[in-house]
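Number of protein chains: 2
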Amino acid sequence: MATKNLQLNQLTGEKTYTEIVFQKVWGRVEAYRKTHPQQKIFMMAFGDTTQPLTPTVVQALVDATNRLGDPKTYTGYEDITGNPTLRKAICANYYQQNLGIKLDPSGIFISDGAQSASVNIQELFAPDNKVAVQNPAYPSFVEGTLLAGRTLVNLICDEQNNFVPKLPEEKVDLIYLCFPNNPTGAVATKECLKAFVDYAKSCQAVIIFDAVYSPFITTPNIPRSIYEIAGAQECAIEIGSFSKMANFTGLRVGWCVIPEALTIQNTVPGELNHLWRIRHAVKFWGTANISQYGAIAALSSAGQKECQEVVNYYLQNARLLREGLAEYGLKCFGGVDSPFVWVKAPQGLSSWQFFEKMLQSRGIVGIPGCIFGSSGEGYLRLSTLGQREEIVAALENN
Amino acid sequence: MATKNLQLNQLTGEKTYTEIVFQKVWGRVEAYRKTHPQQKIFMMAFGDTTQPLTPTVVQALVDATNRLGDPKTYTGYEDITGNPTLRKAICANYYQQNLGIKLDPSGIFISDGAQSASVNIQELFAPDNKVAVQNPAYPSFVEGTLLAGRTLVNLICDEQNNFVPKLPEEKVDLIYLCFPNNPTGAVATKECLKAFVDYAKSCQAVIIFDAVYSPFITTPNIPRSIYEIAGAQECAIEIGSFSKMANFTGLRVGWCVIPEALTIQNTVPGELNHLWRIRHAVKFWGTANISQYGAIAALSSAGQKECQEVVNYYLQNARLLREGLAEYGLKCFGGVDSPFVWVKAPQGLSSWQFFEKMLQSRGIVGIPGCIFGSSGEGYLRLSTLGQREEIVAALENN
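If you're matching them up, the sequences are chains A and B in order. Sequential numbering of the first sequence, starting at 1249, is according to this note's numbering. Sequential numbering of the second sequence, starting at 1249, is according to this note's numbering.
So here's chain A without its partners, still in its complex pose (with noise of 0.2 Å):
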């Protein structure tokens, strides 16, 4: 008789960070508000943007309805690994163009989106494979992990290392690494990144690198791809995605990159890229076709200066936030190059209780460090992601 998957079942026990945002800390809001409705709440609790798609983007999907309802220029399924056009765009105006890389269409898979790109790259790797996570980290690598029944190895991220980790102690398989990092903001430089690549590629580990930040980065010298370190496209997969820096959370358009030259153990050049494109085409038949225009006029000229200045509005907001914070006394990390800034909770105060104090004395609303992480305790991560006005009113409520 039909038995229900161990490996899925292993978290129904916990909640899932989804599960956990919408009920507890969704939950414990509305609980206020009812008791507190003069008080005005300022949601920097999800990751979600909040500004509009840009002309060039917008006048692309109109584009491309018009040409989908008419029968002469009509199409049915897009390429399974994803619109060739879309393909290029990424290595010549994203890799080649803004910074300097040199990558093959070949190696890129349009996802839909980062969420499940770098959860389902896993099924790459033998179930056995040991699973190194930074600790705080973005909660589907770590619960992906646990989904598929693997080891998890914490790479401890905190105040002392700059919220970058050192190298796994013990031998790992698979190492996700997150710059500009969801939840601290903080970022790796060169150095750092280079002690990863040669770490992984001196015991054939598979570095997992999650760049969906990378358009964030203002930091001179901060590498914005893996592959800025040499070799790095022999041992590491980068992630990559419209989501935040075109404001295509709804739109589900992200990457993967393979390259032809990344191996492990018993495999060939092109081997794993091939092994990818048979499970696109047996469990993933790409994402909209309509959102992977729109993603094309996102990397056109006009496109992508109109993303930068979205991303510099977001990036303003955190400035905004992280001073005015740190007016009232409060320590913030991140929010330089990366939309998220991550506040330190004063006088030793837990990640709930520092959750509440900024609700009842600010209604500001965050999400608890320790969701993200054991390490994560004792912080509040404020996404910027939001309407600056909002911004400016909750500094401004006292």
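Take these hints with a grain of salt, some might be off.
When chains are identical, the list treats them as one kind, so a pair holds in a single copy or across two.
Computed list of lysine to any residue pairs in SDA-like fashion (alpha-carbon distance at most 20 Å, straight line) [to be verified]:
no. : residue 1 : residue 2
1   : Lys1378   : Lys1449
2   : Lys1419   : Glu1407
3   : Lys1320   : Glu1644
4   : Lys1320   : Val1310
5   : Lys1252   : Leu1394
6   : Lys1449   : Gln1595
7   : Lys1252   : Ile1526
8   : Lys1350   : Met1291
9   : Lys1272   : Asn1314
10  : Lys1252   : Pro1375
11  : Lys1252   : Lys1419
Hint data in this document are derived by calculation from the structure and do not stem from the laboratory.
Since chain A is already given, all that's left is putting chain B on it; use the hints.
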């Protein structure tokens, strides 16, 4: 050191369906074109739609785009299980109004198409589950089962059983049923489906019912949903899609029904539904919001009327092709409740011999039946999701 997923690896020795179609079928056509540049080619191989999005859908996509481009109406992430209005419309307009079936929106999960939903759903179940699949079958059911390392049990579909399989002779856990069938175009009666539901309930197996081609059913009293059978909500998952009924192949919107009542060994009602919700939250954050707005429009009363006209257009294609080929003495199945015509190879020709004969004598390109499984040997699948002019010209091409 990192090692490959052996389950994914199982398939690398063989080509996937997609690769075979593109390399072998397409390769032979290209080779033939070179030596016979005068011969017209009529492509009936791919199950890809060719008719444009309908006016109601186009308007909805333009409206959604404009909302996303306006700061006052912009929205970011969609609900992880799908747009709530769409989930309600699937219950109210598709199931209740059209089919008289009562389902709760909590059981509806919006997917990025039937392909991924029908394969990924296996993740709910234990790796050692036995999976019964019709033979011939839509190849992803087979490939998804092999990728997951599960045991495959063939349910033979042939002329003797009207391409509707008998109950499994050995005990299985999961049963894929696809009606109207791809590739054979066969449909199943209520009695047949009731036998499968009774079997599933008797041994706590789960039916995964692919109902993608339901809107093509014209024969009276043929069920359009497994839920027309009493008790099916306790043992069946249904997969639906907007791909073929609304020309959404590129837009990627489908759905998956996991009723609260569905249980297997050691589970309580609602538990599998909840597990799938967790899987969405960790491994899939939904399909494009804009496509979902298009789907809502397709289920409006104007949208449904327009979509039915498109379905009728394809069915008329199927009738013309079926009748035309019959005039040439070919025995055809399907094409009545389905856009697929399943043509028997004459004179004991193999699938590939018949493929060559149809290509060389008429320029018609189909998919050799053997690609869909051993019981497909001796047949050719022709898709009538193409243009009317092509069907007519192909029949006139002597």
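Do the hints match the structure? See the list:
1. Lys1378 to Lys1449: The answer is within: 16 Å in one copy meets 20 Å, while 39 Å across copies does not.
2. Lys1419 to Glu1407: neither (25 Å within a copy, 57 Å between copies)
3. Lys1320 to Glu1644: neither (56 Å within a copy, 23 Å between copies)
4. Lys1320 to Val1310: Result: close both inside a copy and across copies, 16 Å intra and 19 Å inter.
5. Lys1252 to Leu1394: Intra 15 Å, inter 18 Å, cutoff 20 Å: intra and inter.
6. Lys1449 to Gln1595: neither (43 Å within a copy, 59 Å between copies)
7. Lys1252 to Ile1526: Intra 26 Å, inter 14 Å, cutoff 20 Å: inter-copy only.
8. Lys1350 to Met1291: neither (40 Å within a copy, 38 Å between copies)
9. Lys1272 to Asn1314: neither (43 Å within a copy, 34 Å between copies)
10. Lys1252 to Pro1375: both (17 Å within a copy, 9 Å between copies)
11. Lys1252 to Lys1419: Between copies, since 17 Å is at most 20 Å while 31 Å is not.
Checked against the numbered hints given earlier, the structure breaks hints 2, 3, 6, 8 and 9 and satisfies all the rest.
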